[in-house]
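2 protein chains.
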Amino acid sequence: MSRMPAQVRDLIRDLPDSKIREVSMNSIGKEGMIALWFGESDEETPSFVREAAKAAIDAGETFYAPNSGIEPLRVEIKAYMERVYRRDFDLNRFTVTASGMNAIMLSFQALVDPGDNVLVVSPVWPNCSETIRIMGGEIRPVGLDETDGAWSLDLQKLFDAADGRTRAIFVNSPGNPTGWMMSEDQRDAIMAWAREKGIWIIADDVYARLVYDRHHAPAFIEIAEPEDRLISINSFSKSWSMTGWRLGWITAPPALETQLGKLNEYNIAGPTTFVQHGGVAALRDGDPYIDGLVERLRRRRDLVTQSLSRFSRVRYTQPDAAFYAFFAVEGMDDSLKFALKLRDEAGVGIAPGIAFGPQGEGYLRLCFASSEQALSEAMERLRPYLDK
Amino acid sequence: MSRMPAQVRDLIRDLPDSKIREVSMNSIGKEGMIALWFGESDEETPSFVREAAKAAIDAGETFYAPNSGIEPLRVEIKAYMERVYRRDFDLNRFTVTASGMNAIMLSFQALVDPGDNVLVVSPVWPNCSETIRIMGGEIRPVGLDETDGAWSLDLQKLFDAADGRTRAIFVNSPGNPTGWMMSEDQRDAIMAWAREKGIWIIADDVYARLVYDRHHAPAFIEIAEPEDRLISINSFSKSWSMTGWRLGWITAPPALETQLGKLNEYNIAGPTTFVQHGGVAALRDGDPYIDGLVERLRRRRDLVTQSLSRFSRVRYTQPDAAFYAFFAVEGMDDSLKFALKLRDEAGVGIAPGIAFGPQGEGYLRLCFASSEQALSEAMERLRPYLDK
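Heads up: the sequence lines are chains A and B, in that order. Mapping of the first sequence onto my numbering: residues 1 to 388, in sequence order. Mapping of the second sequence onto my numbering: residues 1 to 388, in sequence order.
What the hints contain is simulated information worked out from the structure, not anything from laboratory work. Treat each hint with caution, since some may be false.
If several chains are the same, the list does not tell them apart, and a pair holds so long as it fits within one copy or across any two.
As the list claims (entries may be wrong) - Calculated cross-link-like contacts (lysine-lysine; reagent style DSSO-like; alpha-carbon spacing at most 30 Å):
#1 30 - 78
#2 78 - 19
#3 19 - 30
#4 388 - 30
Build the full structure now, drawing on both the sequences and the hints.
Here's what the structure looks like:
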């Protein structure tokens with residue numbers, strides 16, 4: 001009997017593996033390793049959130065939930081968004097998702113037909129691009145420019161990259177890995193341009209609250225009208241230290257409520273029911289936690305900056321947002337190889353810039369959401385490699 | 001400034017809404033309603049599973065997990081599969097997923113290019129077909145035949161439906177909604193045919209253990225070689241009463257481990273970490289629970305059968321597996337309308353047959369995984385509509 005080898009679609013076979021995972025693989029939890037590779041705080045989820053989830057488990061919240069999320073969570077999301085952005089939102093604009101990642105996948109399933117293209121402000125977390133690829137779309141990276149370690153966006157470059165098949169632009173501001181933050185002027189200009197062209201904006205707003213020079217980052221959702229072609233993506237992972245919970249939300253035009261509900265149903269049928277109750281507590285009681293987290297992160301950023309700014313091979317300006325130091329290393333032309341070397345020789349886990357697209361080559365990304373003690377030790381270990 | 005209305009892909013816009021949700025919408029939890037519409041037991045998740053998840057929350061299992069699932073869960077899945085199917089499996093064949101639904105989505109993302117077709121043994125739970133559609137694939141339903149309420153598959157009809165673009169066949173046995181169970185002979189014949197043609201088998205095995213005349217249902221995974229083009233899908237929802245947890249797993253050829261890991265990463269980055277620890281307890285300690293559940297379900301099935309077999313308008317044979325009564329109603333030509341009437345007049349929530357494809361019209365699906373008291377009351381309420 002003949003048998004053909006097990007094979008997936010060419011497009012899936014060719015999907016790049018995460019190069020962050022390549023560095024971390026088999027080394028997670030390794031004795032003595034200082035792991036700064038993932039976009040994850042070293043803090044456990046705050047106890048008031050954990051207790052709420054446990055109480056929901058005890059209360060028997062173990063059954064299927066509605067497609068758009070449980071009502072109490074949607075209500076808390078609405079209250080949170082109104083509190084942060086000081087404007088009104090209707091409840092039908094919110095869909096609960098099983099993580100920010102899942103929200104990105106649902107968005108591109110909703111929007112991208114094979115052959116459509118999406119402009120992606122880069123370098124950026126690779127996962128968003130891969131979802132476009134899975135749906136048969138074309139990714140068009142639009143590079144941020146770096147000067148003395150600071151990142152900026154050339155709007156004309158963005159606008160020029162669009163054509164008749166451009167369905168959406170993906171903007172992650174504050175951005176992973178660069179920490180780049182869109183200005184209010186740029187936000188207004190992009191919004192006006194996208195409106196006129198009928199192009200969707202997918203705004204990855206997961207770092208909106210991890211900002212060091214103001215209360216929250218400038219966001220399209222602050223100025224958009226309900227019917228604008230805007231999908232704002234949010235996540236509980238970063239601001240409430242809930243990475244392992246897989247919980248996020250989408251804010252979209254009312255017309256998309258039913259569509260996103262269907263896509264939730266056909267992708268996963270909504271996030272874990274009692275996890276959603278944890279989300280209720282996070283939003284209701286979590287503002288002081290975020291304030292404290294931002295203060296801790298600010299100290300950690302400053303600590304890392306103090307070292308990096310003294311290392312002779314490093315080009316870097318500290319970011320005003322997110323929790324990454326993304327810095328250039330003079331003479332490093334293979335960031336993956338260099339990251340593996342740092343892992344194996346120095347015992348410091350760092351993400352290679354190439355993980356964030358070709359434009360990221362020459363850079364390294366260090367997540368500074370770890371204890372000051374771990375960061376100090378990491379900087380000591382990195383010194384011989386970065387300061388010579 | 002011009003503005004275009006918010007619009008998704010035509011294909012997503014046209015995606016049918018779940019007609020089960022259409023009946024249940026706004027009526028979930030309604031006073032006095034006996035809800036038998038979802039494929040969900042009325043039992044809370046057993047306490048040993050809930051306690052394990054709570055302990056994991058206390059232990060700080062709130063961080064990102066590996067793409068293929070946490071190691072202890074993969075090890076327990078391997079032990080469970082070896083216990084049930086009495087053969088060896090390598091660990092690299094298992095990928096943990098955020099529900100059976102999510103496993104179906106990942107599978108079709110891996111396999112279906114636009115224009116490919118998938119044969120789907122029908123009537124069937126609608127969600128699997130919709131994932132094919134989202135990926136731009138064509139669904140080819142292959143109808144089961146019903147005689148006196150019993151369902152059977154004509155193999156020749158299945159084989160004849162394939163052509164050069166047939167990428168996979170989707171077999172849900174034991175099946176939702178019909179309770180149809182593939183025989184061992186049919187399993188062997190389909191496996192041989194699919195091997196020869198190089199066609200993938202996607203086996204939705206989520207009801208494999210809810211069987212009343214033997215230990216487990218005949219399954220492709222019992223006879224397949226590791227390299228066979230077979231994806232077996234499983235879920236914690238039904239056998240361990242964990243619908244709201246969103247946890248499942250895939251058993252696939254080793255060659256797919258990396259591919260499915262990537263797709264997990266780009267869809268959701270894996271299910272909730274502490275939920276996976278609940279899964280460990282379910283598999284390790286859950287065999288007696290399943291035995292007890294099957295006994296309870298058997299009594300409930302018999303109770304429902306006793307009534308249905310006496311109702312003059314009903315054509316029905318009790319199934320040997322799953323937890324649904326799927327029965328024809330004489331003279332009913334609009335099952336959605338009829339289900340809405342039963343909901344509004346009798347206070348009984350039932351899924352309309354049309355929810356499972358055109359071939360389901362003329363039928364109703366009643367989930368009998370509820371208490372005997374609720375089922376007795378439901379049958380009394382249904383009598384005036386089904387027995388006249």
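Tested hints:
With identical chains, the CA atoms of residue 30 and residue 78 are at most 30 Å apart between copies only, with a shortest distance of 25 Å across copies and 42 Å within one. For the identical chains of this complex, residue 78 and residue 19 are inter-copy neighbours only, at 28 Å across copies versus 36 Å inside a copy, given an alpha-carbon limit of 30 Å. Proximity of residue 19 to residue 30 under the C-alpha cut-off of 30 Å is restricted to the intra-copy arrangement: shortest distance 18 Å within a copy versus 50 Å between copies. In this homomeric assembly, residue 388 and residue 30 come within 30 Å of each other (Cα to Cα) only inside a single copy, at 28 Å, whereas the closest approach across copies is 71 Å.
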